[in-house]
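Asker: Make the full structure from the sequences, and use the hints.
For the record, the sequence lines run as chains A and B. The opening position of the first sequence corresponds to residue 1 in our numbering, with each subsequent residue numbered one higher. The opening position of the second sequence corresponds to residue 1001 in our numbering, with each subsequent residue numbered one higher.
None of these hints come from the bench; they were simulated from the model. Accuracy of the hints is not assured; some may be wrong.
[To be verified] Chain B side only, calculated, beta carbon under 8 Å to chain A, not exhaustive:
1) 1018
2) 1021
3) 1051
4) 1059
[As the list claims (entries may be wrong)] Pairs of lysine-lysine, DSBU-like flavour, derived with a Cα cap of 35 Å:
5) B/1023 / B/1108
6) B/1108 / A/23
7) A/108 / A/23
8) A/108 / B/1023
9) B/1108 / A/108
[To be verified] Simulated coverage check for chain B against chain A, where a stretch passes if three residues somewhere in it have a Cβ under 8 Å from a Cβ of chain A:
10) 1085-1099
11) 1147-1159
Glycine included, every Cβ here is placed at the ideal spot set by N, Cα and C.
There are 2 protein chains.
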Amino acid sequence: MVQSPLVRELIEAFRCLPGVGPKSAQRMTYALLQRDRGGAQQLARALDAAVEGVGECEQCRTLSETAVCGLCASDRRDAGVLCIVENPADIQALEDATDYRGRYFVLKGRLSPLDGIGPAELGLEVLEARFNRGEVREIILATNPTVEGEATAQYVAEMARGADIRVSRIAHGVPLGGDLEYVDSGTLSHAFAGRSNYE
Amino acid sequence: MVQSPLVRELIEAFRCLPGVGPKSAQRMTYALLQRDRGGAQQLARALDAAVEGVGECEQCRTLSETAVCGLCASDRRDAGVLCIVENPADIQALEDATDYRGRYFVLKGRLSPLDGIGPAELGLEVLEARFNRGEVREIILATNPTVEGEATAQYVAEMARGADIRVSRIAHGVPLGGDLEYVDSGTLSHAFAGRSNYE
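Answerer: Now the structure itself:
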């Protein structure tokens, strides 16, 4: 190893990013140290600020630095319609692709008993309590079209039917086994518009 | 925009990394905030430490947190042989691929008059002074095989010949227009071993 320890540590630290292997980490390190130290400091500040300040919205569980996120706080969004997604990133994808005007609920995962992820980890008790308060009249299931995503959708649908809520599922225009976050807007828009009642 | 300001700022900050577009930046942000806040803090620390602590070696101009880098300080490296490279990352690539036991000199760029990069920016006065002190008996030109890299090699070769130093150039097994840092080790090893006298 010919790199100085701090350089090596920075390369190592970049490996925590998704999709970044040893070569990319090295490239990022050299690029920042040689050409963009200002950017590096800004990135360090932004990381600290986000880790420090960003928690989750107490209503929809998305990433938020306020107790209630902007979408849940907005009275221009219909509180009677709830779109159920797996990840905060899915909200952004849906907002970009559709003209949905309801609100969201983020599961932060999917039912996966083998990994110890059950209804409690996904905040489903909170969701059920909300269903039972009667403020929600419709839900749209937008979990990923994977086996676990389907099972999760089934589970939430059961809960909703128990509270007499209309349930729909986004259409399977989304390719099976795909990841909602990375689908192109057109496909996602069609899938959202062509949602069907959930049996 | 449905993201909270701190999340948005972090996504923006990730854009300073090479090869990171809006989608990757978003993916990195969500991945860290949802699953690896420890990694995010460590990355922030490593960025700060590196920006703060890493300067350049006063002998070879590579990134170093000490006044003289490990390679230049080591008495197990032949001080009479100098390999001239464009970037600090090239040193790592050559060290990994070859059994070179001499030292390095990092230009931190290449001659490019249109961009205002002349001999002074590449530290060539320093290099020339070193040539004239007579401690260097051989140089190996390992600049990238691009037009500017070739011009730079020519320029350094002239300087060296003036000081009666043997000059060689790594072989053009390295694909033309390529970037030294990303060539596979085998090609690089061959190019290094098959270097020829520089005319």
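Asker: Under the criterion of a CB-CB separation shorter than 8 Å, is residue 1051 of chain B in contact with chain A as hinted?
Answerer: Status holds, d = 5 Å.
Asker: If you look at each residue in the region 1147-1159 of chain B, do at least three have a Cβ nearer than 8 Å to any Cβ of chain A?
Answerer: violated (count 0)
Asker: Is the Cα-Cα distance between residue 1023 of chain B and residue 1108 of chain B 35 Å or less?
Answerer: 31 Å, holds
Asker: Was the hint right that residue 1021 of chain B lines chain A, CB cutoff 8 Å?
Answerer: 12 Å, violated
Asker: Given the hinted pair residue 108 of chain A and residue 23 of chain A, is their Cα-Cα distance within 35 Å?
Answerer: 31 Å, holds
Asker: Can you confirm whether the C-alpha distance between residue 1108 of chain B and residue 23 of chain A stays at or below 35 Å?
Answerer: Satisfied, since the Cα-Cα distance of roughly 19 Å is no more than 35 Å.
Asker: Tell me if the straight-line CA distance from residue 1108 of chain B to residue 108 of chain A falls inside 35 Å.
Answerer: Judged against 35 Å, a Cα distance of about 45 Å means the pair is violated.
Asker: Tell me if the interface restraint on residue 1018 of chain B is satisfied: Cβ within less than 8 Å of some Cβ in chain A.
Answerer: Holds: closest Cβ of chain A sits about 5 Å from residue 1018 of chain B, inside 8 Å.
Asker: Within a Cα-Cα threshold of 35 Å, do residue 108 of chain A and residue 1023 of chain B meet the stated pairing?
Answerer: 19 Å, holds
Asker: Count the residues of the region 1085-1099 of chain B whose CB lies closer than 8 Å to any CB of chain A, then report whether that count reaches three.
Answerer: holds (count 6)
Asker: Is the hint on residue 1059 of chain B kept, meaning its closest Cβ partner in chain A is under 8 Å away?
Answerer: Check failed: Cβ of residue 1059 of chain B comes no nearer than 14 Å to chain A, outside 8 Å.
Violation of the numbered hints given earlier is confined to hints 2, 4, 9, 11; the remaining hints are satisfied by the structure.
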